[in-house]
Amino acid sequence: MKVLKYMLIFIPISFVAKFINASPSIIFILSCLSIIPLAGLMGEGTEEISFYSGPKIGGFLNGTFGNATELIISFFALKEGLFEIVKSSIAGSVIGNILLVVGASMLAGGLKYKTQYFNQKVVEVSSTMLLFAVIGLCIPALFTHTVNPNMLNTRYEGLSIFVAIVMISIYALSLFFSFSTHKDLCSSVHEHEGNAKWSLKKSILILVISTILIAIESEFLVTGIEPITESLGWSEFFVGIILIPIIGNVAEHSTAIVMALKNKMDVALEIAIGSSLQIILFVAPVLIFLSLIFTPMSIVFNEFELIALIATVLIANSVSHDGESNWLEGIQLLAVYLIIAASFFIL
Amino acid sequence: MKVLKYMLIFIPISFVAKFINASPSIIFILSCLSIIPLAGLMGEGTEEISFYSGPKIGGFLNGTFGNATELIISFFALKEGLFEIVKSSIAGSVIGNILLVVGASMLAGGLKYKTQYFNQKVVEVSSTMLLFAVIGLCIPALFTHTVNPNMLNTRYEGLSIFVAIVMISIYALSLFFSFSTHKDLCSSVHEHEGNAKWSLKKSILILVISTILIAIESEFLVTGIEPITESLGWSEFFVGIILIPIIGNVAEHSTAIVMALKNKMDVALEIAIGSSLQIILFVAPVLIFLSLIFTPMSIVFNEFELIALIATVLIANSVSHDGESNWLEGIQLLAVYLIIAASFFIL
Amino acid sequence: MKVLKYMLIFIPISFVAKFINASPSIIFILSCLSIIPLAGLMGEGTEEISFYSGPKIGGFLNGTFGNATELIISFFALKEGLFEIVKSSIAGSVIGNILLVVGASMLAGGLKYKTQYFNQKVVEVSSTMLLFAVIGLCIPALFTHTVNPNMLNTRYEGLSIFVAIVMISIYALSLFFSFSTHKDLCSSVHEHEGNAKWSLKKSILILVISTILIAIESEFLVTGIEPITESLGWSEFFVGIILIPIIGNVAEHSTAIVMALKNKMDVALEIAIGSSLQIILFVAPVLIFLSLIFTPMSIVFNEFELIALIATVLIANSVSHDGESNWLEGIQLLAVYLIIAASFFIL
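Chains as they are written, first to last, in the working numbering: chain R, 1 to 347; chain W, 1001 to 1347; chain X, 2001 to 2347.
No lab work stands behind these hints: they were computed from the structure. Be aware that one or more of the hints could be misleading.
[To be verified] 25 Å max Cα-Cα, derived SDA-like pairs, lysine to any residue:
#1 Lys2183/X with Glu2252/X
#2 Lys1201/W with Ser1053/W
#3 Lys2262/X with Thr181/R
#4 Lys121/R with Asn2263/X
#5 Lys2114/X with Thr181/R
#6 Lys121/R with Pro2024/X
#7 Lys1121/W with Lys18/R
#8 Lys197/R with Asn62/R
#9 Lys2121/X with Leu1111/W
#10 Lys121/R with Tyr2117/X
#11 Lys2018/X with Phe2076/X
#12 Lys183/R with Asn2263/X
#13 Lys112/R with Val1122/W
#14 Lys2197/X with His2182/X
#15 Lys114/R with Lys1183/W
#16 Lys1114/W with Lys2002/X
#17 Lys1202/W with Ser1053/W
#18 Lys121/R with Thr1128/W
#19 Lys114/R with Ala1172/W
#20 Lys264/R with Lys1201/W
#21 Lys2079/X with Pro2024/X
#22 Lys1264/W with Gln2120/X
#23 Lys2002/X with Ile2013/X
#24 Lys18/R with Lys183/R
[What the hints assert, rightly or not] Quick partial rundown of chain R residues pointing at chain W, CB under 7 Å, derived from the structure:
#25 Ile307
#26 Ser318
#27 Ile339
Glycine is no exception: its CB is placed at the ideal position from the N, C-alpha and C atoms.
Given these sequences and hints, build the entire structure.
The structure is reproduced here in structure tokens:
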């Protein structure tokens, strides 16, 4: 993905724009364009470090830093009290991973190969886990929407923290599961091919610098959300559900598509479903805990996010039972994504 | 299905009834009884023409004219502004195909054979596609019902047209998929056995005449809907969800049951799921486009239709994963249909 | 499960407490503790009698008396007009069977064996049947919640009776299915190992005495529900969804876990799914019929129960497609149960 590297030029441009007090909408767009290659760089840095650290710690690093960009953006949104953006970008990451990434992978792969096969068993394990995780995450919201909305804030904070503790415990247990008791089941995705590209020192340096730059650009981005939604007439949900997840995941997404083009549909699916699981089991609880520093955020999705999440997870389960994919299946996933995006756009 | 032929006698009777100004309820019933054999005749005509036109055009004709009766009835209902009837007959066709037709096929076949097997892979492809299509079709409605109902009509028309374009594009792509890139996967249903029964000329003549007669009877039927719902105390939804789909599909349904009795459960399932797909991907978008001539209809199902549609598609997916069927499974599908019908009846 | 026998001591203690007019909360707790071993004893009695009566009648007895404890408790709750408790304990039994029992079985079994395999086909048949049953049971409720809530009571009683007749007919047909046309499919669960422990006379005596004692203790329990919910601040739903189903099923649940520890995951799953099916197809309709003696109860679950039921049945279907289980899957099921319980607790 060499083309991403050239996008690093947007970092200095965004700094200049900030310095000359350009309009917040322009800074928003520039920071989006800067974060895309930085997220890719951070991913590469993590991958390289995991090379030196051995498979166990490497797997843990890959697993935990995989969605670091979204975590950083959401942290700054949280600080600004933009709860709706934070929650919709959690939902949007899952939706984007399953519908957009899997859809694009199946379409791209399906144009090259007539039918692509994947290991049904392995994908089913992940997609069943995703079903559990989404149901667990959505139950407090589903309960909340059927009660008098005025009594929400009082008792549901406690429930959110409880759910967050359950989720992060399952995340810890699932890491133990993959790296200890059942490591044979889970080794396919992050096997390293070839040699390390960078030295350990260089890798750590790249990781640290890209993290710092992402943090700065995220603050630019978050400050620009309100002005851009107002000036363009976009709904806040659209920014959270569609835009932020795409920005944070372009690098990761392109890897999935590359894997599909190499006829490794298993890996493409594992990246997409694995990343979704991480969002729900790790990123969402961490954000709930972090929110306690500022104003406690309850993990109550709105009805649109719930509908989109549940539809997505049903589709993920249906796709994984299949064991096969073709271009038409890819297009259908993309079509559902388009319809969801259009619905959020007109909200 | 020779017994259907005798029902053609209801056509002249319905004309006489109209001529002598009989009560609209009687004309409604007579037009229902007339459409049943006409729909069968139109199906046969299409089948015969596809014999002469070769598999590609034949498959296209069969695919596109398969739900012509419902399209014609809905067109006249649309003209009269009976949007609720149109939308509920779209939902009712899918529900009837999956629960009533598959249920009756599994029951009939299961009474003859202890366990019937079908090619899981092929049926799963269709039922996954059905899941996508139903979710895509339902998302605007699901979003709508959670927003202030007063803001519906303004922005949702545009969304309906967008969804219609997406759906019909997928329909076109799926025809290309079945007749070009993956024709090996999709050949089982419409293979011709034996020779043509009629000459090409006679087939076209029958097709044209039956289409014209269906159009006339549909107008009789639509005019009678309001009087009959009033005089019998039926809900409009009951007519749309249960009655119209049955009338338009008796001939097709009987084919599915005949196939089940021949132990060709694959074909029976493909007829039912394929017909449902056609309704969603072709009939529904065409009706939305046609409605632009009169008053634009937004594709927003009511909550009952949504519940029944989503329940149906979950059942279709569950049944197809199985790969087997027996009489008890058939009865269970019929039981869910009965409960849905009873619920709409008392609305 | 010898430890359960020692709990029989709570029966005389509860009688003494009632006699000395102890606080209703204490009597509630003592009656709960008494019912647990009595339910186990009744189960054993039924099992022993089925030994003497041959497989057909034995299977019928086991099937029909399997949830007798819940039926008795619900009968007394019905008599007191505690409809919400009755309905939530129906929903809670299904939820508890699938999430708590299957979860605990998979966790216990998974700690002993790395991966446990089960016959996917057999479990899929039951879980598909469970999906149908839950959808059928929930449709009237789903319809009801979207209509004006004031018109509920008038017409929905008739619908409830209709649904009850459909459900109990399917129950009768499914018994015919298992013991007549497809008995080869369904023999795995209740095969007897070894010899009878008790004589037929003693078995009948134990069954009769335990049934009488359960009836008395159930009346104690029901009388204590209101005082205990008030004094502890628990919601009525929590008692119905979580507490009553656990009390009525401890003995049965422990059998499932014992089977999982013997690496017979098929049997563990069949016990849990079979018991859920029985609740929906037999216990729920019988309670609706019984309610006609007192005040007719409509089978309209509230939104929380619906959400929890539908989530549970989707999870059951996902788990059964898998064909494998491990400790992490068990923990995930328990986590969803915990989140549901916590949500009902704070209601």
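* Provide an ascending list of the numbers of those earlier hints which the structure does not satisfy. => 6, 7, 14, 16, 20, 24
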